[in-house]
Structures are given as C-alpha cells and as structure tokens.
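Construct the entire structure; sequences and hints are all you get.
2 protein chains.
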Amino acid sequence: MKRIKLTVAYDGTNYCGWQMQSNGITVQTVLNSALSEFLQEKIYTVGASRTDTGVHARGNVAVFDTRAQIPGNKIAFALNQRLPEDIRILGSQEVSPEFHPRFTSTIKTYEYKILNRTFSDPIRRKDSMFWYGKLNLKAMKKAAGYLMGTHDFKSFAAIKGTEGSTVRTIYATRLWKEEDMIHFQIQGNGFLYHMVRIITGTLLKIGQGSWPSEQICQILEARDRSRAGATARACGLTLLKIRYPEWEPDLRNRQNDKFKSISLNV
Amino acid sequence: MKRIKLTVAYDGTNYCGWQMQSNGITVQTVLNSALSEFLQEKIYTVGASRTDTGVHARGNVAVFDTRAQIPGNKIAFALNQRLPEDIRILGSQEVSPEFHPRFTSTIKTYEYKILNRTFSDPIRRKDSMFWYGKLNLKAMKKAAGYLMGTHDFKSFAAIKGTEGSTVRTIYATRLWKEEDMIHFQIQGNGFLYHMVRIITGTLLKIGQGSWPSEQICQILEARDRSRAGATARACGLTLLKIRYPEWEPDLRNRQNDKFKSISLNV
Numbered sequence: 001m002k003r004i005k006l007t008v009a010y011d012g013t014n015y016c017g018w019q020m021q022s023n024g025i026t027v028q029t030v031l032n033s034a035l036s037e038f039l040q041e042k043i044y045t046v047g048a049s050r051t052d053t054g055v056h057a058r059g060n061v062a063v064f065d066t067r068a069q070i071p072g073n074k075i076a077f078a079l080n081q082r083l084p085e086d087i088r089i090l091g092s093q094e095v096s097p098e099f100h101p102r103f104t105s106t107i108k109t110y111e112y113k114i115l116n117r118t119f120s121d122p123i124r125r126k127d128s129m130f131w132y133g134k135l136n137l138k139a140m141k142k143a144a145g146y147l148m149g150t151h152d153f154k155s156f157a158a159i160k161g162t163e164g165s166t167v168r169t170i171y172a173t174r175l176w177k178e179e180d181m182i183h184f185q186i187q188g189n190g191f192l193y194h195m196v197r198i199i200t201g202t203l204l205k206i207g208q209g210s211w212p213s214e215q216i217c218q219i220l221e222a223r224d225r226s227r228a229g230a231t232a233r234a235c236g237l238t239l240l241k242i243r244y245p246e247w248e249p250d251l252r253n254r255q256n257d258k259f260k261s262i263s264l265n266v
Numbered sequence: 001m002k003r004i005k006l007t008v009a010y011d012g013t014n015y016c017g018w019q020m021q022s023n024g025i026t027v028q029t030v031l032n033s034a035l036s037e038f039l040q041e042k043i044y045t046v047g048a049s050r051t052d053t054g055v056h057a058r059g060n061v062a063v064f065d066t067r068a069q070i071p072g073n074k075i076a077f078a079l080n081q082r083l084p085e086d087i088r089i090l091g092s093q094e095v096s097p098e099f100h101p102r103f104t105s106t107i108k109t110y111e112y113k114i115l116n117r118t119f120s121d122p123i124r125r126k127d128s129m130f131w132y133g134k135l136n137l138k139a140m141k142k143a144a145g146y147l148m149g150t151h152d153f154k155s156f157a158a159i160k161g162t163e164g165s166t167v168r169t170i171y172a173t174r175l176w177k178e179e180d181m182i183h184f185q186i187q188g189n190g191f192l193y194h195m196v197r198i199i200t201g202t203l204l205k206i207g208q209g210s211w212p213s214e215q216i217c218q219i220l221e222a223r224d225r226s227r228a229g230a231t232a233r234a235c236g237l238t239l240l241k242i243r244y245p246e247w248e249p250d251l252r253n254r255q256n257d258k259f260k261s262i263s264l265n266v
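Protein sequence lines correspond, in order, to chains W and Y.
Residues in the first sequence are numbered from 1 upward in steps of one, following the numbering used here.
Residues in the second sequence are numbered from 1 upward in steps of one, following the numbering used here.
A hint or two may mislead.
Since the list gives no way to pick one copy over another, a pair counts as held whenever it fits inside one copy or between any two copies.
[To be verified] In silico lysine-lysine, DSSO-like type, Cα no more than 30 Å apart, as pairs: (1) K177 - K74; (2) K42 - K177; (3) K134 - K74; (4) K205 - K74; (5) K42 - K2; (6) K241 - K126; (7) K42 - K142; (8) K177 - K126; (9) K177 - K141; (10) K2 - K74; (11) K241 - K160; (12) K42 - K141.
Bear in mind the hints are in silico, worked out from the structure with no lab data behind them.
Spelled out as structure tokens, the structure:
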C-alpha cells in the first residue's frame, strides 16, 4: 500500500465544487472515477481544499492510497489521458503514510481577480469578476494589509458551513493592477467557508469609497458576518497553491517514526 | 440614416466564426438579431474580419446603417444588455457614410498564445494552444522577423478560401514568453485565410529545431502551401485590434466630399 499526492488544476466553471455530493458532478467525483478505472481498484481521494462551485484551482492537493505498482511520478501523465480537459494533474508523487492533506500545517495561497474597466471581456469572463466602477486601489491595499496576522475571522465566514475555531493566520496579502485586471492574493494557514470571497466583497466596499480602509479592523473585531461586505462571485477565485512546510522539500525521505500513519477515512 | 461602427469582443469557443452561415450560430448572426430587436428595424452588420470558428476577438469591427435616433455612443451599453456574455460591444460611435470596414486601409493586430509547459492548464485551455515540448524562442523570433515587409504570402494561406492577391504587408512581429505563456503578435495591413495560424505552425517547426529560422524565407519564395508548417489550432488565436489610419483620430469630423458613400451591401 502506498500513498500518492496529486497536484490538481481545474476550471471550476462546470463543477459543483471539489467535494463529492449527490446532486451534481464535482471534481472529486470525476477524479475518483478516473483513478478507479485506471488503477483497477476502488480509489477515494481526500482533497486539501474543498473549493466551492465555480471556484478554480491551479494547485489543489489530493491524496489517496493504492496497491498499484506504478511509480508515483508516472501517475500524472497516465491519469491526464483519462480526465476531461477542464481537470489536469500537474504532478504526482509518493508520500509517506503519515501525510494527510488536511491534518498537516499548510500555507494556502488564493487569488481573486477583478476585471476593472468599462465593459466586460468575453475571453476573461470565466476566471475573473467584472467591475465597472472606479476603485481606489491604495485604500483596498491598505485594508488588506490590516488582515495580516492571527485574527478571529468570524465576520468573514459564511454562517452556514462554519464550524469550530474561526481563528486563522494570514501571512501575506498583495494587491496590484496589471492593465485592466486587479489581482488580490492572500496567503494564510487556512481559510473559512467563503472567507476570501467575503474579504474581496469588503475590499470592494472600501475601494468604492463606501467605507474607510480602517473599517476592516472594526469588522474583524465585531465577529459578525453582517458587518462585512457581500460575498464576491465564485468565478473570480482561484486556489493557486498549497504548501506543506513540515514536509518540504524532502517529503519522501521523512518516513521516520516521528509520525503515525493517519487514515484517510476520516 | 446614419452609419454606426462597433468594436466587438468575443470568446469564439462556441461560435462558427464571425460570418453568417446556414449551418451554425455565428457572432454576426447573434449581433444582427440583437441589433434588429433593439432598434426595431432589420439590421445587417458588415464585419472587418471574418474570424474563423473558435478564434477570439478583443477588437473586431462591425458597421451597420440605421434610421434609429439613439446617439451612436449609447448603443454599446444598450446592446450589451441583449447579448450573451461571450459577446461584448466595447464601444460604438457614429461614422461618416464613406466609412467601410473592409474598403479602407487597416492595421490589424493578431495574437497567438502558446502555453508551453509540462501539463496543460484547464483555466487557460480555451484561449491558448498547449505545447509540451521545448521551443527555441530565439529561433522563432528571428524567423518571425523575416516576415516583416511586403511579401507574397501564398505559402501561408489555406488553399481553400483564398482568392485574389496574396501580397500583404507585415508591419511588426513580436514574440516573448511571460512565465509559461508564449505570446506571438503580428501586425499587418491584412491577413489571408488561416495566415496567422499557418505562420504559427511554421514557427513551431522552427522552435522545435526541425527547420532553421532562415527556412521561412525559402517558404515565402516557394509560394506553395505545402512547404509551410501545419495550421495551428484556432483556440490560440485572438484578433486584438483593428485601426483605420485614414480615419483616426477624428472620424466624425471627416464627412467631407473627398469620400463617396460606400454601400454596405457589397
């Protein structure tokens, strides 16, 4: 038995998010079927990030156990032949059985893109959100900066679907405009349900001048979802990368007894 | 009666090209219907570039005549409400009746994008062509440079659909890589059927090392389609911009009698 880690990219437009569910096709469903057919055994993947309907990924992580003999790094090539073109495996590798994509410290990076011009662009409509009005980028950047550090992000979490601690650490935020596209990147140890989209909606309020940059601090303190901005559209959001600091750069050489094997069936 | 010029952007993925035809939905068909419904009269647009199935545009130009009273610059906003989100009017203006989008000297700029990395990217699969192998950009750039100037481009035109003179002038070519995306831009006074895609296919042959850069000169001289490379996929191609040097910057003020009104029904 060995454990395989996949780096997964997808155009989320046509999927009901990552997580398997009964009422719609998800990325995980398609991936499980392709893997099961390819490896000739029942495969169940565990994803690092349960991205929402319409959200994209350039580097989500999925892990599964298999009895197959194929070397871990060969799986990506073979699996891509069996996947639709809106899902691509960008890398595969064997990891030690202690590795679990969610019970391990992570650094996740998300990007939200806002196309800011007079008219929307048909070619870029599926991976960005269109915004007609003028935006004060300096004010948005300043507000984003206040989010850095460890805070209770309860105000920035959807009420439905949020359980347990709402404390998260944001390591970095970046916001810049390149031609007519505003890029907002945020890096942290984890994100609550809808968190990046609610933060983006709040930054848009600030960018429009409805609220001053400093209001984001009061919103944080309030721990009240109704104080923050609207949830920005899913299509503008992409999960860029997930890193596992404890496990890099030598994932494969850390099969020591410091870690216990963690079952994926949790 | 007045003449209106539209700047049109579209994601060509779901259209059988620009030009109206009986066996598939085209951008022109959709535009004509939306305009006719909006202006309450039968409208027939004439496009500057009859882009092919799957080819995109950020700045195609369409012109039509109307009796409507609405100011030319207001049409874009109103029309976008009636168009599907994969077609967008980026601007509208009244032009003099001598203006015809094809019987006027133009400077057209096309861009071909090649995603050059190990695995394809689901998010960028619809507006670029994926290429796995290594490419020598310096050799491709050098070859593209040989195309500048006035030449007979018969070798770079599809045999079907090419009529009349095959002489065109290329004003500029640019080729660069930004992260994993190769951008090839070409600017000229006009392009033959499939010309940019065949040039791209030829540059790929050179980039792979199958042919030296200089071979592009022999291909030009041969005036023989079979000597050039394959026609690169439509999805990588975007019509970026069309300029009308005789008419800019003061299109509206040139309604003098130097020009005769040109009927759009040709």
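For each hint, the structure was consulted:
In the homo-oligomer, the alpha carbons of K177 and K74 lie at most 30 Å apart only across protomers (28 Å), although the nearest pairing inside one protomer, at 39 Å, exceeds that limit. Proximity of K42 and K177 under a CA criterion of 30 Å is satisfied in neither setting, with 46 Å inside one chain copy and 42 Å between copies. In this assembly of identical chains, K134 and K74 lie within 30 Å of each other by CA distance solely across copies; the values are 20 Å between and 48 Å within a copy. For a Cα distance limit of 30 Å, the shortest separation of K205 from K74 across copies, 28 Å, qualifies, whereas the shortest one inside one copy, 47 Å, does not.
With identical chains, the CA atoms of K42 and K2 are at most 30 Å apart within one copy only, with a shortest distance of 14 Å there and 67 Å across copies. For the identical chains of this complex, K241 and K126 are neighbours both inside a copy (19 Å) and across copies (22 Å), given an alpha-carbon limit of 30 Å. Proximity of K42 to K142 under the C-alpha cut-off of 30 Å is found in neither arrangement, the shortest distances being 49 Å within a copy and 52 Å between copies. Taking identical chains as interchangeable, the C-alpha atoms of K177 and K126 lie at most 30 Å apart whether they share a chain (18 Å) or sit on different chains (23 Å).
Taking identical chains as interchangeable, the C-alpha atoms of K177 and K141 lie at most 30 Å apart whether they share a chain (11 Å) or sit on different chains (29 Å). For the homomeric pair K2 and K74, the shortest alpha-carbon distance inside one copy (14 Å) is at most 30 Å, but the shortest distance between copies (63 Å) is not. With identical chains, the CA atoms of K241 and K160 are at most 30 Å apart within one copy only, with a shortest distance of 25 Å there and 46 Å across copies. With identical chains, the CA atoms of K42 and K141 are never at most 30 Å apart, being 47 Å at best within one copy and 49 Å at best between copies.
Checked against the numbered hints above, the structure breaks hints 2, 7 and 12 and satisfies the rest.
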